[in-house]
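**Student:** These are the residues of each chain, in order.
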Amino acid sequence: MKMLVRTLDMEYETVSAFAAQAGFKTPSGDLIRRDTRGHLSSGLFPVWVLGGVAVVLLLLTTTGCGKTAAASYRLNMVESAKQRLKPEQEQQVATILAALFGTPDEPIAPSECGLDAAKLHLAAGPVRSDIVGRKNGLYREHCAHCHGVTGDGMGPTAAFLNPYPRDYRPGVFKFKSTERADKPTHADLVMVLRNGLAGSSMPSFALLSDAKIDALSEYVKYLSIRGEVELALMRAFFELDDEDQGRLPEDREFLIEEIVLPVAEAWQAAEDALIDVPEMAADIDMAASIAKGKELFYGNKANCVKCHGVTGLGDGQVNDYDDWNKVVLQAHKTVQGGLEQAGEASTWDMDADEADEHRAELAWLDRFQKVLDGNALPPRTIRPRNLRQGIYRGGMRPLDLYYRIHAGINGAPMPAAKGTVPPEDIWHIVNYIRSLPYDFNGTLGVDKPMVARDRL
Amino acid sequence: MMTTSRSTVGGCHSGLKRPIAAHCLIFVICLAVGVAAPGCGAGSVAGPAPDFEAALVLREKLASATGATEAGEEKPQGTGWATLKGRFIFAGAPGDAKPLIVDKDTEVCSKGGMKLYDRSLMVDASTKGLANVVLFLRNSSRVKEPVPTDALVFDQKSCEFLTPVFAARVGQPIDVKNSDPIGHNTNISGTSFNQLIPAGESTVFTAGRETGLPVTVTCNIHPWMKAYAVFREDGYVAVSAPDGSFTIPNLPAGEPLEFQVWHERSTGRSGAISLDQPELKWNAKGRFKIQLEEDEVRDLGTLEVPADAISG
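From first to last, the protein sequence lines stand for chains A and B. Quick note on my numbering: the first sequence kicks off at 218 and runs consecutively. Quick note on my numbering: the second sequence kicks off at 5 and runs consecutively.
I should point out that these hints are in silico values taken from the structure, not numbers from a laboratory. Here a beta-carbon is modelled for each residue, glycine too, at the ideal position from N, C-alpha and C. Any given hint could turn out to be false.
What the simulated footprint calls covered on chain B by chain A, stretch by stretch (three residues with Cβ under 8 Å from a Cβ of chain A suffice, anywhere in the stretch; the number is not a length) [to be verified]:
hint	region
1	133-139
2	193-200
3	215-229
4	260-268
Isolated chain A, as found in the complex (with noise of 0.2 Å):
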């Protein structure tokens, strides 16, 4: 950089010396005057170059590289390389979800998935205001970004994030007041948005108005129905009797009863599958249930320590996925075997059946790699959270870490307590895990680290 810096300030004061001397640069240090022939030029460069430069840049600004097209969904092209679906295959399931969902720009939703149709027109589209004071296209301003217009965790700045921002399509949340395999609430989908995740980009959207965050949460849901109707389309495929010319049933049947509703219904189920906590004693004496929470943190019942480490800082366990990253990293196992099985077989002595499956089986491949290449991000481990920092990403109310030990977290390796280990026992690791960032055992000293790791 500073080579860069030089060279060009070297460059710069050679020019300027030598026009100086060569008497190009005018006194008043005007760029452009007329040379000796009376045409107009600049020190370096003929004005016609320079104008023809500046057409070029204004014409490129101004019309930019074409129209820009609608927004659409994208496939999920993971899923769909994953079940072997043909071309045909997938335009089906793309064809249906259009009937079913509609466009972007123009959402619907079946009325089984009891969505409201107001709140989705506000968030849905493109940005643009039709009543002065109300924005429409919400999602595409706030959130398209990161979650991507389908909803798939990849949008333009995903790659980035660390941790990746969530894919809704599977239908798996990870902060809510629900039992693990449950929904999260639409209350819970409002305080995500509220408060955002601490630790992670999510950023809190507390500015937007309240109307504006309900309309938020229910197109997240609205994705999150279209992506798990999605997959399980994609999935049928494999259930179909025939083999080759597999074709869905497109009849209400199979469409709403069989595929939309059990989604639509888990969804609304939600609702009332809050976990029920048990209070904590209001006379409990912290100091005693603190010093049973470390027992308990430590212990063969929670078992804390083997994944958030014996230090707390989250270092038990660092290689494990969370599930969106597990599929991926699973797809690109599933394709190196692939590859590896189809590289040892000669083609030598196939007969001609074979050999055509044999090179169907290395095409399927080579498209799974692309796919993994281009239309997934590269899976990353998940690390257990750090307990001494005091950032909880689900909240840091007593109550979210009740929650968060009781159920777990869907979809992360955090494994759930519930009927194990009993509520006041929670309580007391709610405790313990509370005083970890004050966690401080005496004096400073150059002999007295003060970093947790060191001092054990």
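Based on these hints, arrange chain B on the given structure of chain A.
**Tutor:** Coordinates of chain B only, in the frame set by chain A:
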């Protein structure tokens, strides 16, 4: 560098000017190449666009359709029940089982120098029987037995799951036990069941939905632990024993039955096994069709799995 001639049009009169112009040109070329080369999102595979006209037609059809289902072809139903049995053997050489990397809780998991081995391919040395092949009936029309109420036991000890592949019925309680002195968590993928199980305790899991093909059961604390589970609505599923044999009793007789066959290490798609059998026609998805007579006990005999059907 004398500045004598200024007769030429354009700026580049002297040797010193040329390097500047050349620098500018090189810069512009590099910029153009740098922008054009990676492209604007080149590399992502675009799926086919939806057929919007067909989508509109379908939308109207779904909106206007009543709840009544279209009269599809009635599946023929027979009477009575039959049994299917057989034995899978592996024609290839299984090789030595690879030891697993055990790096947590070694005082229990590697107690006394004990090693844990990969159990993905279990072949009985004397009978060449292939264990842990899963066979289940797809789409049964009727079921004989109701859902069993006593729990199926799924235990883990010495840091491994005692049953490498197990099958259960949807709605059947499964007693997930931990007989180790250390805690485990049991994570059944696809079910959102991921439960901490303290040492010596157990918890009950009931599958709410059937799985298509077997799903993995893992422990996040001890990542080498792996098992497979398959849950079916009708319960017509068998896992082959160590000697490769399996039996599925009380199958619906007198109607066509389609079975799916699966093995963890199979090279077929998603683990499906397709064999080259003269009597049974297997398709690429690892399925074969069969029809049994009432009270028949059909023995499929020895089903040989060739070496190239199993990976590695």
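**Student:** A separate judgement is required for each hint: does it hold in the structure or not?
**Tutor:** Against the structure, the hints:
Counting residues of the region 133-139 of chain B whose CB falls under 8 Å from any CB of chain A gives 0; the rule of at least 3 is not met. Proximity of the region 193-200 of chain B to chain A, defined as three or more residues with a beta carbon under 8 Å from a beta carbon of that chain, is established by the 7 residues found. With 4 residues having a beta carbon nearer than 8 Å to a beta carbon of chain A, the region 215-229 of chain B meets the requirement of three or more and the stated coverage holds. A stretch counts as covered by a chain when three or more of its residues have a beta carbon under 8 Å from one of that chain; for the region 260-268 of chain B and chain A the count is 1, and the coverage is violated.
Hint compliance for this structure: hints 1 and 4 are not met, and every other hint is.
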